Amino acid sequence: MSGVRLDKIVKSYGAVQVVHGIDLEIKDKEFVVLVGPSGCGKSTTLRMIAGLEEISDGSLTIDDRVVNRVAPKDRDVAMVFQNYALYPHLNVADNIAFGLRIRKESKDAIKASVDEVGAILGLTPYLERRPSDLSGGQRQRVAMGRAIVRRPKVFLFDEPLSNLDAKLRTQMRAEIKRLHKRLEATSIYVTHDQVEAMTLADKIVVMQDGRIEQIGTPMELFLNPANAFVAGFLGAPPMNMINAVVAKGENGPIASFDGQTLPLPALPDLQNAEGRPIIVGIRPEYANIVTAPQPGSVNCTLNLVETLGSEALLHATVGDDQFVIRTETLGKIDQLDHVNGFTVDPTLIRIFDAKTGKALGGQTRVA
Amino acid sequence: MTMTDNKIGGSTEELVVEAGEAQRNRRPSRMNRVGDHLRREWQLYLLLLPTILWLLIFLYKPMYGLQIAFKDYSVFRGVAGSPWVGLEHFYTLFENDQFIRALRNTIYISLLGLVFGFPMPIILALMFNEVVNQLFKKTAQTIVYLPHFISSVIIAGIVITAFSPSAGIVNTVMGWFGLNPIYFLTKAEWFRPIFVGTGIWQEAGFQSIVYLAAIAGISPTLYESAVVDGATRFQMMWKITLPMILPTIIIMLIIRIGNMLEVSFEMIILLYQPATYETADVVNTFIYRQGIQGGQYDLAAAAGLFNAFVAFVLVMTANTISKRYSRTSLW
Ligand SMILES: Nc1ncnc2c1ncn2[C@@H]1O[C@H](COP(=O)(O)OP(=O)(O)OP(=O)(O)O)[C@@H](O)[C@H]1O
Ligand SMILES: [Mg+2]
Numbered sequence: 001m002s003g004v005r006l007d008k009i010v011k012s013y014g015a016v017q018v019v020h021g022i023d024l025e026i027k028d029k030e031f032v033v034l035v036g037p038s039g040c041g042k043s044t045t046l047r048m049i050a051g052l053e054e055i056s057d058g059s060l061t062i063d064d065r066v067v068n069r070v071a072p073k074d075r076d077v078a079m080v081f082q083n084y085a086l087y088p089h090l091n092v093a094d095n096i097a098f099g100l101r102i103r104k105e106s107k108d109a110i111k112a113s114v115d116e117v118g119a120i121l122g123l124t125p126y127l128e129r130r131p132s133d134l135s136g137g138q139r140q141r142v143a144m145g146r147a148i149v150r151r152p153k154v155f156l157f158d159e160p161l162s163n164l165d166a167k168l169r170t171q172m173r174a175e176i177k178r179l180h181k182r183l184e185a186t187s188i189y190v191t192h193d194q195v196e197a198m199t200l201a202d203k204i205v206v207m208q209d210g211r212i213e214q215i216g217t218p219m220e221l222f223l224n225p226a227n228a229f230v231a232g233f234l235g236a237p238p239m240n241m242i243n244a245v246v247a248k249g250e251n252g253p254i255a256s257f258d259g260q261t262l263p264l265p266a267l268p269d270l271q272n273a274e275g276r277p278i279i280v281g282i283r284p285e286y287a288n289i290v291t292a293p294q295p296g297s298v299n300c301t302l303n304l305v306e307t308l309g310s311e312a313l314l315h316a317t318v319g320d321d322q323f324v325i326r327t328e329t330l331g332k333i334d335q336l337d338h339v340n341g342f343t344v345d346p347t348l349i350r351i352f353d354a355k356t357g358k359a360l361g362g363q364t365r366v367a
Numbered sequence: 368m369t370m371t372d373n374k375i376g377g378s379t380e381e382l383v384v385e386a387g388e389a390q391r392n393r394r395p396s397r398m399n400r401v402g403d404h405l406r407r408e409w410q411l412y413l414l415l416l417p418t419i420l421w422l423l424i425f426l427y428k429p430m431y432g433l434q435i436a437f438k439d440y441s442v443f444r445g446v447a448g449s450p451w452v453g454l455e456h457f458y459t460l461f462e463n464d465q466f467i468r469a470l471r472n473t474i475y476i477s478l479l480g481l482v483f484g485f486p487m488p489i490i491l492a493l494m495f496n497e498v499v500n501q502l503f504k505k506t507a508q509t510i511v512y513l514p515h516f517i518s519s520v521i522i523a524g525i526v527i528t529a530f531s532p533s534a535g536i537v538n539t540v541m542g543w544f545g546l547n548p549i550y551f552l553t554k555a556e557w558f559r560p561i562f563v564g565t566g567i568w569q570e571a572g573f574q575s576i577v578y579l580a581a582i583a584g585i586s587p588t589l590y591e592s593a594v595v596d597g598a599t600r601f602q603m604m605w606k607i608t609l610p611m612i613l614p615t616i617i618i619m620l621i622i623r624i625g626n627m628l629e630v631s632f633e634m635i636i637l638l639y640q641p642a643t644y645e646t647a648d649v650v651n652t653f654i655y656r657q658g659i660q661g662g663q664y665d666l667a668a669a670a671g672l673f674n675a676f677v678a679f680v681l682v683m684t685a686n687t688i689s690k691r692y693s694r695t696s697l698w
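Protein chains in written order, with the numbering used here: chain A, 1 to 367; chain B, 368 to 698.
No lab work stands behind these hints: they were computed from the structure. Do not rely on the hints blindly, as some may be mistaken.
Some chain A residues well away from chain B (every beta-carbon gap over 10 Å; in silico) [said to hold, decoys possible]:
no., residue
1, Gly3
2, Gly39
3, Asp74
4, Gly259
5, Glu311
6, Pro346
7, Ala367
Here are the simulated lysine-lysine pairs, BS3-like style, with alpha carbons at most 27 Å apart [stated by the list, open to error]:
no., chain 1, residue 1, chain 2, residue 2
8, A, Lys167, A, Lys181
9, A, Lys111, A, Lys167
10, A, Lys167, A, Lys104
11, A, Lys248, A, Lys8
12, A, Lys181, A, Lys153
13, A, Lys355, A, Lys248
14, B, Lys428, A, Lys104
15, A, Lys8, A, Lys153
16, A, Lys73, A, Lys181
17, A, Lys153, B, Lys606
18, A, Lys111, B, Lys606
19, A, Lys111, A, Lys248
20, B, Lys606, A, Lys107
21, A, Lys73, A, Lys111
22, A, Lys73, B, Lys606
Keep in mind the model is a prediction, meaning the values are calculated, not measured. Here a beta-carbon is modelled for each residue, glycine too, at the ideal position from N, C-alpha and C.
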């Protein structure tokens, strides 16, 4: 059992509070990804777990032991840094062995561990090389090797892939996933790349301004975001947001915007709420293109068509709001330039309060 | 003057013509590349000019006078007019017991300075790096940098006073333990420790700045990573800081070895006296006494040239060894 629990964790630098009381429960063997925009406190949170930053308030529990005052080395965690933190004067084998040497393990045991880890990560041919003679991907692997070789309870990753190019990143992402399956170690992974978060995580924690916005599985967050921020952060391109006000329709509430209307589900919050400003959220993937107005369709003005191959991104405007539609190209390529509206399955629409950004209660969960 | 101007103008024109031709032939000549480079980067060369002039005037022009080491030089006949005598002065030097003694002292003092003086700034820098209290660190640094900014004359004065048999602090403290006062500066056997110690006291702090700068350049994540791995502060110093500044240490060592025979001349002059010549007289002071005070310019030039030659060999050797074994070198 190597669970990690954060109870109202606070971090202040002097008078400035940057992490405002975070609650988070990470189960044994779970892969948790902390994601959020730059400066939201992801690294700070991770570094508090590692013991590199003091915890200002709250309690941190690893393996049922409160470790607020425990030195990093006694927390049994290993950390992979963004810039790899490899020792340039040591070769790959010595870099991997560093943590074990520090702990004065026997020479034979060290050699066996290094060889094993080298084999797991495909580094065997490079063990004698210096880091300066390795490619970015190989360096990254050495950094992982340094963490793995110690067999810690918890792995911490701080944007380990952000220095790699796009292709290598995809490859290493798959490798990390594979490695986690194999080692089954509790992992906490920080990134600001939502694709990494979606693909790697058992559980995603979306953060903003030192607070947690939502915790859940990738699909849960994607389909049922708790607020407009999460909706806008996950998914590429992000969810479209149309500013609207609630109006009374024939069969219940409708959203009114740009002189158009869209039927809304009969949520309790929308009853007798005429004039209430709301945000209508529609994923680019869930809008179906039309080239002539249809009953229930929304009109839009097409500005730009980006063809990506099997898919295309249509950049349009609805009133003053940008609206992106993602659609398949197969058999539709001739229509794309003539798109002037879209339809959407009402159950896939997400409705947020315009002021707080919170998702309105009672919406059907998408699964 | 006009002649030179014309010449320069002409050669530039030639260069341009040549450049044009080379481009047409798609065979960029070396001259062409140099010319293009000069035209493009002339501001940088302009910035370099004062240094080059300084080197030419103060280091290269005097080299012309070096030939008197091989001549029977007389002030009246001048450098060019004096007759050649080959290596005669060098034979004279090596038959001169005083020169041999000076050479031996130079090497001995230099080695002592190297062995004790070279590690000091490194140790200081490592120690400063471990100090957590910023106020204490700044204060301590200022105190150890200070002697560097004090004139050698005053430093010598302080040393002479400190070691004086009547009022000096050293003898006073020795007196508390019932020891008889020693007039250190008249004892040949005490000259070297005092001289080397003074040098360390004066320069170690200031020299530590180079190493502190090198330490500041080490990525903090290396330490963080080591902390998570469980390294102690001492382990980090030994396994990270020291290896990471090793290239700097080696460069400094090469420079140091190159300057090894340049024993701080004015400090010797200020501290030695005939009673301590036995251990204190070095090549530079020998040159000063023979050449400047004794008027034997040719002999002094030969001694100086020999000194420079040995220094040259030393620096070449150190660089080659370092290049081969540590991948670090000055050039
Ligand atoms: N030593 C410090 N002193 C004061 N403020 C700090 C310090 N370190 C971090 N901060 C602040 O804490 C906040 C969170 O920083 P943190 O490094 O955790 O962000 P992050 O989410 O990791 O961002 P990024 O994606 O850019 O790495 C930032 O606003 C930052 O300015
Ligand atoms: Mg960060």
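Checked hints:
1. No Cβ of chain B comes within 10 Å of the Cβ of glycine 3 (chain A); the nearest lies about 19 Å off, and the non-interface call holds.
2. With a minimum CB-CB distance of about 19 Å to chain B, glycine 39 (chain A) clears the 10 Å threshold, and the non-interface call stands.
3. Residue placement check: aspartate 74 (chain A) does not keep its beta carbon more than 10 Å from all beta carbons of chain B (closest about 8 Å).
4. For glycine 259 (chain A), the requirement that its beta carbon stay farther than 10 Å from each beta carbon of chain B is met, with the minimum near 56 Å.
5. Interface exclusion of glutamate 311 (chain A) from chain B stands, the closest Cβ pair being 39 Å apart, more than 10 Å.
6. With a least CB separation of 50 Å from chain B, proline 346 (chain A) remains clear of the 10 Å interface cut-off, as annotated.
7. Distance check for alanine 367 (chain A) against chain B: the nearest CB is about 40 Å away, which clears 10 Å, and the non-interface claim stands.
8. With a CA separation close to 22 Å, the supplied pair lysine 167 (chain A) and lysine 181 (chain A) stays within the 27 Å bound.
9. This hinted pair does not check out: lysine 111 (chain A) and lysine 167 (chain A) have alpha carbons roughly 33 Å apart, beyond 27 Å.
10. A C-alpha spacing of about 39 Å is found between lysine 167 (chain A) and lysine 104 (chain A), which places the hinted pair above 27 Å, so the restraint is violated.
11. Between lysine 248 (chain A) and lysine 8 (chain A) the alpha-carbon distance is near 43 Å, which puts this suggested pair outside the 27 Å criterion.
12. Under the criterion of a C-alpha separation no larger than 27 Å, the hint pairing lysine 181 (chain A) with lysine 153 (chain A) is consistent with the structure, at around 15 Å.
13. The straight-line distance between the Cα atoms of lysine 355 (chain A) and lysine 248 (chain A) is roughly 20 Å, inside the 27 Å bound, and the hint therefore holds.
14. Between lysine 428 (chain B) and lysine 104 (chain A) the CA atoms are separated by roughly 61 Å; this puts the pair beyond 27 Å, and the hint is violated.
15. A hinted pair counts as satisfied when its Cα atoms are at most 27 Å apart, and lysine 8 (chain A) with lysine 153 (chain A) qualifies at roughly 22 Å.
16. This hinted pair checks out: lysine 73 (chain A) and lysine 181 (chain A) have alpha carbons roughly 25 Å apart, not beyond 27 Å.
17. At roughly 25 Å between alpha-carbon atoms, lysine 153 (chain A) and lysine 606 (chain B) fall within 27 Å of each other, so this suggested pair holds.
18. Between lysine 111 (chain A) and lysine 606 (chain B) the alpha-carbon distance is near 19 Å, which keeps this suggested pair within the 27 Å criterion.
19. Distance hint between lysine 111 (chain A) and lysine 248 (chain A) is unfulfilled; the C-alpha atoms sit about 74 Å from each other, more than 27 Å.
20. Between lysine 606 (chain B) and lysine 107 (chain A), the direct Cα distance comes to roughly 17 Å. Compliance with the 27 Å bound is thereby established for this hinted pair.
21. A threshold of 27 Å between alpha carbons decides the hint, and for lysine 73 (chain A) with lysine 111 (chain A) the separation of about 21 Å falls inside it, so the pair holds.
22. Taking the CA atoms of lysine 73 (chain A) and lysine 606 (chain B), the gap is about 17 Å. The hint holds against a cut of 27 Å.
When the structure is compared with the earlier hints, violations turn up for hints 3, 9, 10, 11, 14, 19 and for no others.
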